[in-house]
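Number of protein chains: 2
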Amino acid sequence: MPKLDLAKVPVKTGSGYPGSLAAKVGARRQQRVGEAGGLTQFGANIVTLPAGALSSLRHWHEKQDEVLIVLSGQLTLVDDFGETPLNAGDVCTFPAGEANGHQIVNHSGADGSFFVVGTHTDSETAWYSDIDMKVTAGKGGFGFTRKDGSPLPEDI
Amino acid sequence: MPKLDLAKVPVKTGSGYPGSLAAKVGARRQQRVGEAGGLTQFGANIVTLPAGALSSLRHWHEKQDEVLIVLSGQLTLVDDFGETPLNAGDVCTFPAGEANGHQIVNHSGADGSFFVVGTHTDSETAWYSDIDMKVTAGKGGFGFTRKDGSPLPEDI
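Chains A and B, in that order, are what the protein sequence lines are. Per my numbering, the first sequence starts with residue 1, numbered consecutively. Per my numbering, the second sequence starts with residue 1, numbered consecutively.
Please keep in mind that the hints were generated in silico from the structure rather than gathered at the bench. It should be emphasised that the depicted structure is a prediction, and the values quoted were computed from it without experimental measurement. Where a beta carbon is used, it is the ideal one built from N, C-alpha and C, also for glycine. Mixed in with the good hints there might be a few duds.
As the list claims (entries may be wrong) - Cβ pair distances, simulated, as ranges: (1) Gly97/A to Gly143/B: 39 to 47 angstroms; (2) Ala51/A to Asn87/B: 45 to 53 angstroms; (3) Glu83/B to Gly97/A: 41 to 49 angstroms; (4) Gly149/A to Ser72/B: 41 to 49 angstroms.
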């Protein structure tokens, strides 16, 4: 396949987070370039965070390796080590099973973007570091629960 | 893991290509950032091509998805469609089993760089489009042969 025509790759906003949590990442824009280019073994996305936006809630994956490289702007990695400034060319790796939840936030006043790749697996559980929630994914879809598997509060 | 200290990730040159073929990619510089950051499920490398350099001989993978995004400079994708100019932000995908050999070349007068990710598998065969060669990799290492499995000529 020659290079992708990025103008034809849909720009997605929104998330599958339940209740009021979805709005927390509502400003994030993503292009699923790996999927658009016919890849199935890992996801590869270009993510743009406007000023103040979050990439995700802080989380870690049981089975899936993840890597990102910053493309533009000034972003911040938030993990158990605290806040780490990121600039273009910086690389972060998140090995499967390493229970150090991470998220990328944009504290700057301008857009920032990164390219992120994460393995696809038939099933997965990801754990959220700052709230009582996990997500379990399988062939039938995915679902959010409390960490003990019980339903989330209705007013989440 | 917080962001990688790229100054501490070794810059590798050279290749495992046999005979005179190794020199063809001798100018390529790579940092194996995925490996440095503890990832095992895919390789993630920052590749820098000085003026005139090649990323690889033109090849395709049977089992391994591959994606790249250009970070800097002016590069060129060479595949069965011909030559396609690439600039910063351009993305190319190479789905496993798609028999369209690819390589990145730098026809410009300055460095160019890209970030590339390819799945790790227990075994793999890659086929070279422009010469009678394949490489077969397994847990014991890897080896180059002609496409029919017979030895390469001694003067390759």
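These are the hints, each one checked on the structure:
1. Between Gly97/A and Gly143/B the Cβ separation comes to about 33 angstroms, which falls outside the hinted range of 39 to 47 angstroms.
2. For the pair Ala51/A and Asn87/B, the beta carbons lie near 26 angstroms from each other, so the given range of 45 to 53 angstroms is not met.
3. The given range of 41 to 49 angstroms is respected by Glu83/B and Gly97/A, whose C-beta atoms sit roughly 42 angstroms from each other.
4. Taking the beta carbon of each, Gly149/A and Ser72/B are about 47 angstroms apart, inside 41 to 49 angstroms as hinted.
In summary, the structure is inconsistent with hints 1, 2 from the numbered list given earlier, while agreeing with the others.
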